[in-house]
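Enquirer: Sequence:
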Amino acid sequence: MSIESLLIEVVPITVAGVVTISVGYYLIKNDIDKYFRLRFAAKKEEQSPIFSLRLQAHERLIVFVERINPANLFLRLYTPGISVKELQILVSNEIRAEYQHNVTQQLYVSERVWNVIRKLKDDTLAMVNHAVQGLPEQATGMDLSKKVLQHMTEIADNPYDLTLDLIKKDIHQLF
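Following the working numbering, the numbering of the sequence shown begins with 1 at its first residue and continues without gaps.
Don't take every hint at face value.
To be verified - Listed below are the simulated DSS-like cross-link pairs for lysine-lysine, each with C-alpha atoms no more than 27 Å apart in a straight line:
| hint | residue 1 | residue 2 |
| --- | --- | --- |
| 1 | K168 | K34 |
| 2 | K119 | K146 |
| 3 | K169 | K34 |
| 4 | K119 | K85 |
| 5 | K147 | K85 |
| 6 | K146 | K169 |
| 7 | K121 | K169 |
| 8 | K121 | K146 |
| 9 | K121 | K85 |
| 10 | K119 | K169 |
| 11 | K147 | K169 |
| 12 | K119 | K168 |
| 13 | K168 | K121 |
| 14 | K85 | K146 |
Said to hold, decoys possible - Label pairs and their calculated CB-CB ranges:
| hint | residue 1 | residue 2 | range |
| --- | --- | --- | --- |
| 15 | V63 | D31 | 38 to 44 Å |
| 16 | S83 | P49 | 43 to 49 Å |
| 17 | D31 | Q100 | 42 to 48 Å |
| 18 | Q138 | K169 | 42 to 48 Å |
| 19 | R76 | K34 | 44 to 50 Å |
| 20 | R67 | Y35 | 36 to 42 Å |
| 21 | E111 | V18 | 48 to 54 Å |
| 22 | A156 | R112 | 17 to 23 Å |
| 23 | I28 | I155 | 23 to 29 Å |
| 24 | L174 | V103 | 16 to 22 Å |
| 25 | L107 | L38 | 23 to 29 Å |
These are computed hints drawn from the structure, not numbers from a lab.
Using N, Cα and C, we set each Cβ at its ideal position, and we do this for glycine too.
The task is simple: from the sequences and hints, build the whole structure.
Expert: Printed below as a string of C-alpha cells:
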C-alpha cells in the first residue's frame, strides 16, 4: 500500500471525524456553558449570607409546622384534669406565639410557602375552635384532644405533611 492510497483513505475519515466532533461540540456548547455558569453561581450563592438565612428560615418553618401539628401540640400541652376551655386557650396561645416567633421568616421563603404556612396556622386554630363548639360543657381537655385527633384521621391528605413537602421543595430550589 502506497502513501497516496493511505492518505486517500485516512484523510476523508479524519475530516469526517473532525466535522462530527465540531458539530457535536457546537450543539452542546450552550448546555456546557449553562452548566458551568449555574454551578459557579450556586457556589457563590451558597457562600452568601442570604443563602444561610434562607436555609435557616426553611428549617424554622419546618419546626413551626411540626410544633402546631395537633398530634404534637396536644401531646406537649395536655395535662391531666385540664378543662376544654383551658386547653383551647393554651393551644391558641401556643399557636399564635409560635407564629409570631416565626413571622419574619416570610422574608426568606417564597410567597406561596408563606401563604400556606399562614393558612395552616389559621386552619389549625379554626379546627380547635370548631371542635370545642361540638363538645358538651362538662367535657375535658382529653375529649378535645380526641376530637381533634379523630378529625385529623378523617382527612385524606394530612395538611401538615403536605406543607412540609412544599417547604422541602422550596428548599431544593436553592440548590
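Enquirer: Indicate, hint by hint, whether the structure satisfies it.
Expert: Now for the hints, and whether the structure bears them out:
Annotation: proposed proximity of K168 to K34 holds, straight-line Cα distance about 25 Å (limit 27 Å). In summary, the hint linking K119 to K146 is supported, as the alpha carbons are separated by about 23 Å, within the 27 Å threshold. About 22 Å separates the Cα atoms of K169 and K34, which keeps this hinted pair within 27 Å; it holds. Of the pairs offered as hints, the one joining K119 and K85 holds, with about 23 Å between alpha carbons and a cut-off of 27 Å not exceeded.
Simply put, K147 and K85 have alpha-carbon atoms about 14 Å apart, close enough for the 27 Å limit, and the pair holds. A hinted pair counts as satisfied when its Cα atoms are at most 27 Å apart, and K146 with K169 does not qualify at roughly 32 Å. Annotation: proposed proximity of K121 to K169 holds, straight-line Cα distance about 20 Å (limit 27 Å). This hinted pair checks out: K121 and K146 have alpha carbons roughly 20 Å apart, not beyond 27 Å.
Distance hint between K121 and K85 is fulfilled; the C-alpha atoms sit about 19 Å from each other, no more than 27 Å. Restraint check for K119 and K169: the C-alpha separation of about 18 Å stays at or below 27 Å, so the hint holds. Pair hint K147 plus K169 does not hold up; C-alpha atoms about 32 Å apart against a cutoff of 27 Å. For the suggested pair K119 and K168, the alpha carbons sit about 18 Å apart, so the restraint of at most 27 Å is met.
Annotation: proposed proximity of K168 to K121 holds, straight-line Cα distance about 18 Å (limit 27 Å). Simply put, K85 and K146 have alpha-carbon atoms about 15 Å apart, close enough for the 27 Å limit, and the pair holds. For V63 and D31, the Cβ-Cβ distance of about 39 Å falls inside the hinted range of 38 to 44 Å, so the restraint holds. Distance hint for S83 and P49: a CB-CB separation of about 47 Å, consistent with the stated range 43 to 49 Å.
Distance hint for D31 and Q100: a CB-CB separation of about 47 Å, consistent with the stated range 42 to 48 Å. The supplied range of 42 to 48 Å is met by Q138 and K169, whose beta-carbon atoms lie about 45 Å from each other. Taking 44 to 50 Å as the suggested C-beta distance range, the pair R76 and K34 conforms, at roughly 48 Å. For the hinted restraint 36 to 42 Å between R67 and Y35, the CB-CB distance of approximately 40 Å keeps it satisfied.
Range check, E111 to V18: Cβ separation about 52 Å, and the 48 to 54 Å hint holds. The hinted window of 17 to 23 Å between A156 and R112 holds, with their beta carbons roughly 21 Å apart. Range check, I28 to I155: about 48 Å between beta-carbon atoms, so the 23 to 29 Å window is missed. One distance hint, 16 to 22 Å for the beta-carbon pair L174 and V103, holds here, with the actual separation near 21 Å.
Between L107 and L38, the C-beta spacing of about 25 Å keeps the proposed range 23 to 29 Å intact.
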